[in-house]
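Quick note on the UniProt record's numbering: the sequence shown kicks off at 1 and runs consecutively.
Incorrect hints may appear among the rest.
[As the list claims (entries may be wrong)] Subject to a maximum C-alpha distance of 25 Å in a straight line, what follows is the list of computed DSS-like cross-link-like pairs (lysine-lysine):
1. Lys193 <-> Lys218
2. Lys112 <-> Lys238
3. Lys35 <-> Lys112
4. Lys35 <-> Lys451
5. Lys145 <-> Lys78
6. Lys133 <-> Lys193
7. Lys145 <-> Lys50
8. Lys392 <-> Lys372
9. Lys240 <-> Lys193
10. Lys240 <-> Lys372
11. Lys372 <-> Lys35
12. Lys133 <-> Lys78
13. Lys392 <-> Lys375
14. Lys50 <-> Lys444
15. Lys392 <-> Lys240
16. Lys446 <-> Lys175
17. Lys392 <-> Lys201
18. Lys238 <-> Lys50
19. Lys175 <-> Lys201
20. Lys112 <-> Lys145
21. Lys175 <-> Lys145
22. Lys240 <-> Lys321
23. Lys238 <-> Lys375
24. Lys218 <-> Lys321
25. Lys238 <-> Lys446
26. Lys201 <-> Lys444
27. Lys444 <-> Lys175
28. Lys218 <-> Lys133
29. Lys375 <-> Lys240
It is worth saying that the hints were derived from the structure and are not from the lab. Note that the coordinates shown come from a computational prediction; the quantities given were computed from them, not determined experimentally.
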Amino acid sequence: MRIVNLNPDSDIGASAWFLELEGHRLLMDAGVHPKREGRASLPLYNLVDKEEVDAIAITHCHHDHVGSLPVALRYFPKAHVLMTELSYFLVERVLHNSVNVMTRQRDEMGIKEYPLYTHDQVDDIAPVFQGFKYNREVDWAAFHKTRAGLPSPTLEFYDAGHALGSAGVMVRGGKQTVFYTGDVCFQDQTILKGARFEDVKADVLVMETTRGNREVQKDFTRAAELERLCQAIERVQKRKGCILIPTFALGRTQEILAMLALMTRSGRIRQQPIYIGGLGRVFTEIYDLEAHRTHRQLSNLQLREALNLVVLEKGQAQNMKLSGGRIFVMTAGMMSENTAAHDLAARMIGDERQAIFFVGYADGDTPGGRLKAAKPGETFVFSGSAGEVTRKCELEDFDLTAHANREDLLDFVSRVSPHTVLLGHGDEVSRQWFAQQIVARHPKIKVIQPKPGESVSLP
């Protein structure tokens with residue numbers, strides 16, 4: 001067995017793992033790096049471009065896991081692409097949106113390498129996509145290899161509870177097994193139920209470490225955190241201020257909308273327009289349409305019916321009146337420039353009536369991250385286009401993560417009982433915490449932190 005870490009960074013970046021098992025080759029995920037631009041954002045496909053990849057398995061449709069899929073298929077044109085049936089309904093929309101974003105960045109920022117692929121190229125590769133139900137074991141090796149007598153390893157998707165369609169990937173060969181967690185959440189969210197990894201056993205575990213640097217307080221509960229957010233919304237609306245909740249279009253948006261729907265149903269907030277982004281609306285429709293296929297709570301809750309969802313038109317965020325308790329659940333969780341979330345925030349930061357509530361991760365080098373770190377009354381550079389601003393608005397951070405808490409992942413390692421664990425998708429502090437804790441609990445487990453481009457051979 002050979003595994004190569006193709007992430008170009010030692011931090012959270014472009015998720016992609018190359019796996020060679022018993023003469024067959026699989027690419028697990030094909031992401032782009034969220035903080036890099038152009039070809040520098042791609043996985044290190046050149047390190048394995050001479051290999052014949054039989055298949056590509058996608059864990060879920062967030063850009064850091066699927067955003068370079070069309071590029072991967074240029075390197076590995078014979079590969080077929082496997083994903084869950086729920087991801088199958090999302091993937092083309094995600095990739096077409098990426099083309100739109102890259103084209104805009106080329107025009108506005110002068111990034112000549114963009115777009116890395118076109119709408120036509122996305123359409124051309126779509127026929128090789130295959131969607132499978134969870135817990136269905138499928139062969140994935142190339143036909144000519146099985147015809148030559150090499151038995152195909154199998155692949156099975158396990159519900160990861162992270163976002164719609166998210167999965168962990170079990171790969172079974174004749175002698176060894178590998179489990180790749182992808183991004184996983186073990187606790188129930190407002191809509192999605194937690195991961196169903198209960199019976200996972202594997203020789204090798206490839207594991208995310210996102211929250212290894214974050215200790216969860218003993219008295220913390222998700223329900224209490226949601227209640228804190230609800231009370232904050234009520235408080236701001238009472239003073240007629242507006243509320244901006246920056247979110248990612250897939251997953252966070254729908255979870256926050258579900259919370260607002262429950263608040264509306266109970267009478268805690270009035271029935272009113274909820275302003276969202278266009279891509280968030282698209283994914284919300286899919287959440288509603290595929291509710292019957294999804295391991296979720298509130299299966300009869302249709303967000304489009306429960307809420308008056310209004311998509312902001314281009315430029316509207318810069319001009320609309322910010323009063324009367326308006327609620328914005330806007331795509332661009334890190335408030336990237338040239339997004340409605342950024343433009344609204346730039347107008348709200350200096351107004352003490354307004355509130356900006358973070359419900360997920362925002363990198364420190366982004367406008368959202370800089371705002372999150374700003375103290376009341378502090379003047380700081382929000383972005384290149386907005387320049388210096390002084391923070392007067394109310395600002396809160398709510399821990400409503402869609403990633404597993406570190407203790408839950410550590411317990412998962414114990415249940416899987418692998419002989420080797422490979423750590424990825426986390427910063428150095430996070431990976432080091434897991435490495436130390438795993439060795440302390442399980443001295444016989446070998447823990448490896450592959451560097452970018454590092455190849456690991458296992459017996």
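Comparing the hints with the structure gives:
no. : hint              : result
1   : Lys193 <-> Lys218 : 22 Å, holds
2   : Lys112 <-> Lys238 : 48 Å, violated
3   : Lys35 <-> Lys112  : 17 Å, holds
4   : Lys35 <-> Lys451  : 18 Å, holds
5   : Lys145 <-> Lys78  : 12 Å, holds
6   : Lys133 <-> Lys193 : 17 Å, holds
7   : Lys145 <-> Lys50  : 17 Å, holds
8   : Lys392 <-> Lys372 : 13 Å, holds
9   : Lys240 <-> Lys193 : 34 Å, violated
10  : Lys240 <-> Lys372 : 23 Å, holds
11  : Lys372 <-> Lys35  : 17 Å, holds
12  : Lys133 <-> Lys78  : 23 Å, holds
13  : Lys392 <-> Lys375 : 9 Å, holds
14  : Lys50 <-> Lys444  : 35 Å, violated
15  : Lys392 <-> Lys240 : 16 Å, holds
16  : Lys446 <-> Lys175 : 19 Å, holds
17  : Lys392 <-> Lys201 : 51 Å, violated
18  : Lys238 <-> Lys50  : 62 Å, violated
19  : Lys175 <-> Lys201 : 14 Å, holds
20  : Lys112 <-> Lys145 : 40 Å, violated
21  : Lys175 <-> Lys145 : 18 Å, holds
22  : Lys240 <-> Lys321 : 12 Å, holds
23  : Lys238 <-> Lys375 : 24 Å, holds
24  : Lys218 <-> Lys321 : 42 Å, violated
25  : Lys238 <-> Lys446 : 55 Å, violated
26  : Lys201 <-> Lys444 : 16 Å, holds
27  : Lys444 <-> Lys175 : 20 Å, holds
28  : Lys218 <-> Lys133 : 36 Å, violated
29  : Lys375 <-> Lys240 : 23 Å, holds
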